[in-house]
Amino acid sequence: MSTTTTVPVRTATPIPPKREIASTREDFPILKRMIHGSPIVYLDSAATTQKPEAVINALVDYYHQTNANVHRGLYALAAQATDKYEGARAKVAKFIGAAETEEIVFTRNTTESINLVAQSWGSRNLKSGDEILVSEMEHHSNLVPWFLLAKRTGAVVRHIPILDDGTLDLSKWNERFTNRARLVALTHVSNVLGTINPIAEIAERVHKHGALLLVDGAQGVPHMPVNVATLGADFVAFSAHKMLGPTGVGVLWGRRELLESMDPFLGGGDMIRTVSMTDATWNDSPWKFEAGTPNIADVIGFGAAIDYLESIGMNEVRRHEIELTEYALEKMHAVDELEIHGPADSLVRAGVISFNHSDIHPHDLSTYLDRKGVAIRAGHHCAQPLMERLGQNATARASFYIYNNREDIDTLIDALQSAGRFFGRR
Amino acid sequence: MSTTTTVPVRTATPIPPKREIASTREDFPILKRMIHGSPIVYLDSAATTQKPEAVINALVDYYHQTNANVHRGLYALAAQATDKYEGARAKVAKFIGAAETEEIVFTRNTTESINLVAQSWGSRNLKSGDEILVSEMEHHSNLVPWFLLAKRTGAVVRHIPILDDGTLDLSKWNERFTNRARLVALTHVSNVLGTINPIAEIAERVHKHGALLLVDGAQGVPHMPVNVATLGADFVAFSAHKMLGPTGVGVLWGRRELLESMDPFLGGGDMIRTVSMTDATWNDSPWKFEAGTPNIADVIGFGAAIDYLESIGMNEVRRHEIELTEYALEKMHAVDELEIHGPADSLVRAGVISFNHSDIHPHDLSTYLDRKGVAIRAGHHCAQPLMERLGQNATARASFYIYNNREDIDTLIDALQSAGRFFGRR
Amino acid sequence: MDDGRNDIELDALYRDTVLDHFRSPRGHKTLDRIDLTRDGYNPVCGDRITMSVKLSDNAVEDVAVNCKGCVISVASASMLAELLPGKSREEALRLADAFKRMMHGHPPPPGLDIGDLDALDGVKNFPVRVKCALLAWMTLIDALEEAEKKGDAPDRSTTTE
Amino acid sequence: MDDGRNDIELDALYRDTVLDHFRSPRGHKTLDRIDLTRDGYNPVCGDRITMSVKLSDNAVEDVAVNCKGCVISVASASMLAELLPGKSREEALRLADAFKRMMHGHPPPPGLDIGDLDALDGVKNFPVRVKCALLAWMTLIDALEEAEKKGDAPDRSTTTE
Ligand SMILES: Cc1ncc(COP(=O)(O)O)c(C=O)c1O
Ligand SMILES: Cc1ncc(COP(=O)(O)O)c(C=O)c1O
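Protein chains in written order, with my numbering: chain Z, 1 to 426; chain U, 1001 to 1426; chain X, 2001 to 2161; chain D, 3001 to 3161.
You may find that some hints are simply not true.
[Claimed, not checked] Straight-line Cα separation of at most 27 Å, DSSO-like style, residue types lysine-lysine; simulated pairs: (1) D:K3054 x D:K3087; (2) X:K2100 x X:K2149; (3) X:K2029 x X:K2054; (4) X:K2100 x X:K2068; (5) U:K1094 x Z:K151; (6) U:K1127 x Z:K127; (7) D:K3100 x D:K3054; (8) Z:K151 x U:K1151; (9) X:K2100 x U:K1094; (10) U:K1151 x U:K1127; (11) U:K1127 x U:K1094; (12) U:K1151 x Z:K127; (13) U:K1172 x U:K1127; (14) X:K2149 x X:K2124; (15) Z:K94 x D:K3100; (16) X:K2100 x X:K2054; (17) Z:K127 x Z:K32; (18) Z:K32 x Z:K331.
If you are wondering where the hints come from, they were derived from the structure by calculation, not from laboratory data.
Using the sequences plus the hints, can you model the full thing?
Okay, here's the thing in C-alpha cells:
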C-alpha cells in the first residue's frame, strides 16, 4: 500500500520478461489441478482459454489498489482507474495495429461486438432487399445477429458454401455476392474446422463492389499475428476470454470514420454528451458505444493478458500451434477409427481439430476422456449449419493454446485408444 | 488443488459467519490505502462500491480451479463452472425474492438491463403515440434508452416533475399519466437526492391502467431489503458493482410471463435452440437474453458478494445507512456555507447526500478533499435534467456504504471546513 | 489387453446392459397403426429421437423409437421401447416419473418393474448426461400429454434443455 | 487559524493569482461589435463559457468572456481575456498552443509573453483538471478556425472531452 503523491497520466506497466513458450505452463495455476485423479489436459481453448497468474493478479491489484468508477471522478482513485482502463484500450489498439486508440470499443464478447455492428451500422445502412453475405462455417454469433437484422430491415442473408476439404467454395462467389451485397460477415478462423480464411483476398473482392467486410476474429486474433492495417477488414470482433483475458470483455475494432458515422448502440450514462428531458446528444466514439459503467477490472486484466502475449510474441504463438497441430494430425490420422474434419495442411489451419470416431458418439468420448483428465468439447460448437453440412449431429473437438504440449497430445491419443477398447468390448 | 471424483449438481458454498457491520472495514483491502499521505475516506459508493476480500477471492478461486466455458461442455471443469454460474443466478433470485431463478437475466450493468427492456419489450409493444413516463430525477441510463425507443417507435416520453424538497410531484400524476401510457420507468432511489420513491403506491396507479412499471434499482437493491414479490414492479434493473460485486455484471429481473413473451435481445451462441442457414429458434428465458459467452467469473464473484451482504443482513445495511445519514446531515447542516439537496428526513432517503458550497465549485471542492484522502464525486452525476431543475451545473456528492463510519464523516466535515478557509483566504 | 475399464463410476455408467441396448436398440420397427408420434431433440448435443405409439383403449400397445445419439440416449430409448408395450397410460407416466427421479438420485418406488432401467442408475453421477437419459422419456411424456389435449397442441417436438 | 494550506501541490494549483482571477474575472463586458461568438461546454463537470470576439484586420481587438465554472476554468478564461486584446490571429493561436503544451508538462517557448498563465502551471499535476484549464482556449481555437472557414460550420459550440 503506497502513498500517492501525483496522479500519473498513464500508469507505466512493467513489461514482463520475455517468456519461452515451453515454460509458460507453470504460469497457469489451473494446470496443476487434478481431474478424477489425473493431471488436467485442457484441450478446449477454442471455447475459453485458461488465465496466467499475471492476469489474475492484475484483477486482484485493481480491486486492492485502484477500484473506482471511471471517466467522471476527480479524485485520485478515479483518475488512476480511468488511466488504467484507457491504458488497456491503448494496448489493444497497439496489439492489433489499429491506427488510433479510439477505434477500440469494449463490449462483453465477440457476440456483442457483432450485434453492435448489426444494430448501429446495419439499421442505418440496410434497406429491404439489400444483402448480407455470410459463410456456411460461421459460428451462431456471426449468423443470428444478421438474421435479426434481416428481419428488422427486410435485408436478405445469403451464404458462401464450403468445399469438402473445409475451405470456402469461392467458385460460388460471383453467384452469391450480388450487386445488392452491402456487408460480408466472415470468420477469420473456423472454430470447428480450423480453416483460416483468405481475408485479404476476400476483402479485395468485397471492397471492389463498395461493400464492407466484418471479420469474426474470435479464433483469429488470439492465435496469430493480426494487423488490422493490413488485414483488409472494416470491422473485427474478438473476445478477451479466448486469449488469456478475463470473461466479460469483448472488442470491436472499426475504422474510425465508420464508427463515427454509426448510430449509438445502447443508451445511458457515459455514452452521452448532453441530455435534456426530451433528447440527448452523443459522446465521441468509442465511448458513444459504451453505455453505463464498463467492465473496468476485466478490461484492465485484459491489458495484462496482452502484455503476456506480447512477452511471448504472436509469431511464436502461431509457430507453436502449427507444430502442435502437425503433431496431433499425424498421430490422429494413425488412429483408424477417427475421421478428421477440416483442411489437412497445418499451414492453412489453426490449432482446432474436430473429429468423429466411427464407433463412439462424441458425447461418450468426451465423458470417457474427462475421466482420464482430458477436456475436449463435444457437440455442435455453436455451428449447427456447419454440422448439417458435415452430416454430423455433433463432433468432438480438441483445441490448443500456448500452454499445451506434445505430452498433452500423447495423453489424448492414449485416451482415444483406450476409449476404443472400452466401448468396443463385448 | 483437490481431486474431483463426482461433479456435484450444485456447489455448496460455505455460509460465511455473521458479520458485525462495525467490523466490516477490515474485509476491504483498499481501505488500508493511503491517498496523498492520508488514509482513504471513500465516499463515492453510489458510483461504485469497494470489494471485500471474499469477492476478490471468489474470482481468484474460479480462475485457479474451475475456469471453463459454461452450458456446453461435458467435462468436469465445464460442469463445475456451469453449476457455479447458475448457482449465482439462484442466489440473486433468492436475494430479491424472485419467484423463480429463471426470472434473473445477467447483463453487463443496470444500463444494459434497461436497454434490454427498451428493445425486447419496447420494440414489440409500443406503437406511435404510446407514452413512456419517467421522472425528472432519473439517471441518464433510465432516460436515453427510452429516447432511443421513442425515436424508433414514435412513442412519446413524458415526465413527472419533482418538488423543491426533492420528492416526486405526484399531484402532476393525472396530468402526465394519460391513457396512452404503457410503461413507467422510475428509479427506486435517486442517485443525487437520495430520495426513496414510493414504488408500491406508484405500482398500484400504474397497474390500475394496465401499464407496466420498470424500476431502476441501481441505488435501491444494494442499500435496503428489496423483495420483488411485494415491491410491485414488473422489471427491476441493478448492478453488481454497486453492491460489493465485480464490475461487468448487471441484473434484469422480470416477471416470467413478460420475459417469455419478449423478443430476444442480442443474437448469438447460447441464446438459440436451433439455427439453420436462414433462421433460428430461441432458447428459454433467461438464456434467450444472454448471447455469447457470459461474464462467468464475475457472476460467480457477484454470488460471493450476495453471500457477504446476507451475512450482514439487508436490514442491518439499511439501519447503518440511516444512522450515518442522520449523523452526516446534522453535521453538514451546521456548516453555514452548505446547501443540501434532497429530502430532510433520513427515513425516506438513502445514504446519498448532494450539496453545494456557497463559495466553492464542486470541482474545486473535490480536488481539495482528495488531497485530504476524501473521495467524493462532483459533477452532474449522469442526471443533467435534474441539475437543470436544481439550477446547478454540478453538485458535490458524498455517498455511504457498509464500510463507512462516523469517523469518515468527521473527516469529511473537517475537510469541508478547511476547504472554506483555503478558498476563502485573501 | 487393457480394455479401458479401471474407473468404477465410468463402468457404472456404461454397464454391459447399457452397451447392449446401444448396439442392438429395441423398438426399431414400423407400427401397423400410429396413434401418436413425436420428435425429441437435445439441442446441446444434437441427439434426435422419433417416437410413434400405437394405443389400444387407454394403454400403449406398441412403440417404435428411432434415436440417433450417444450410448445413453439410445440405450434409454431402447429400454423404453422394451418396457412400454402393454402398459396403461398411467403406468407409463408413473414409470417416466420414477426414472426422472432416479436420475436425480431417488431410488424407484419398491414394487415398480423398471426392467433394464436400473442399469442406467450410474447416470446420476454424471449430471451433464442426465438429459441424454431423459430425452426418450420427456418425448414420451409430451406425446401422451399432447394426446390428452386431443391434438390441438401446435408444438410437435420435445427439447431437453 | 489554519487556512488549509499545507500541501505544496495544492498551493501550486490554487495560487493567489489564480484565485484573484477567479474572484474578479476579466472580460465580463459587452463589446460594441461582435465578429465571432462561440459557446464552450465541459460535459464532465457542466462548466460553460460564452465568448465573443471583436476583430480588426487580422487581429483580436477585444474579447468578452463569461465563464460559469470552477476556479481553474474561470481563471483561465479571465487570463485569456486579459492577454488576448491586440494579438494577431497567429499570435493568439500560438499562445493557445503553448498553453495546451504547458498543461501536458512542456514549458512555454522562451520569449513568448504568457501573462498570468504561468500561475496555472500547477494544473499539469492534476490531469483531471486540465480540461478545466483548456475550456476557454479550445473555445477560442474553434472560434478562430470557424471564422477562417467563413461561417459555414454548423457546429457552434465547443466541448472538452
Ligand atoms: C440510479 C442509477 N441508475 C442507473 C445507473 C447506471 O448504472 P450502471 O452504470 O452500472 O449501468 C446508476 C449508476 O450510476 C444509478 O445511480
Ligand atoms: C468463431 C467464433 N465466433 C464467435 C464466438 C463467440 O464468442 P463469444 O462467446 O466470446 O461471444 C466464438 C466462440 O465461441 C467463436 O469461436
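How the hints compare with the structure:
About 12 Å separates the Cα atoms of K3054 of chain D and K3087 of chain D, which keeps this hinted pair within 27 Å; it holds. Taking the CA atoms of K2100 of chain X and K2149 of chain X, the gap is about 23 Å. The hint holds against a cut of 27 Å. Proximity of K2029 of chain X to K2054 of chain X is assessed by CA-CA distance (about 12 Å); at most 27 Å being required, the pair is judged to hold. Taking the CA atoms of K2100 of chain X and K2068 of chain X, the gap is about 21 Å. The hint holds against a cut of 27 Å.
About 37 Å separates the Cα atoms of K1094 of chain U and K151 of chain Z, which puts this hinted pair outside 27 Å; it is violated. Note on K1127 of chain U and K127 of chain Z: the hinted pairing holds, with a Cα-Cα distance of about 21 Å set against a maximum of 27 Å. A distance of roughly 23 Å separates the Cα atoms of K3100 of chain D and K3054 of chain D; the hinted pair therefore holds under the 27 Å criterion. Under the criterion of a C-alpha separation no larger than 27 Å, the hint pairing K151 of chain Z with K1151 of chain U is consistent with the structure, at around 19 Å.
Distance restraint check for K2100 of chain X and K1094 of chain U: the Cα-Cα separation of roughly 26 Å lies within the 27 Å cut-off, and the hinted pair is therefore satisfied. Pair hint K1151 of chain U plus K1127 of chain U holds up; C-alpha atoms about 11 Å apart against a cutoff of 27 Å. Taking the CA atoms of K1127 of chain U and K1094 of chain U, the gap is near 35 Å; set against the 27 Å cutoff, the hint is violated. Between K1151 of chain U and K127 of chain Z the alpha-carbon distance is near 18 Å, which keeps this suggested pair within the 27 Å criterion.
At most 27 Å may separate the alpha-carbon atoms for a hinted pair to count; K1172 of chain U and K1127 of chain U meet this at roughly 24 Å. Distance hint between K2149 of chain X and K2124 of chain X is unfulfilled; the C-alpha atoms sit about 32 Å from each other, more than 27 Å. Among the hinted pairs, K94 of chain Z with K3100 of chain D is consistent with the structure: their alpha-carbon atoms are about 26 Å apart, no more than 27 Å. With a C-alpha separation of about 23 Å, the suggested pair K2100 of chain X and K2054 of chain X falls inside the 27 Å cut-off, and the hint holds.
Under the criterion of a C-alpha separation no larger than 27 Å, the hint pairing K127 of chain Z with K32 of chain Z is inconsistent with the structure, at around 54 Å. Under the criterion of a C-alpha separation no larger than 27 Å, the hint pairing K32 of chain Z with K331 of chain Z is consistent with the structure, at around 25 Å.
Violated hints for the displayed structure, listed by number in ascending order: 5, 11, 14 and 17.
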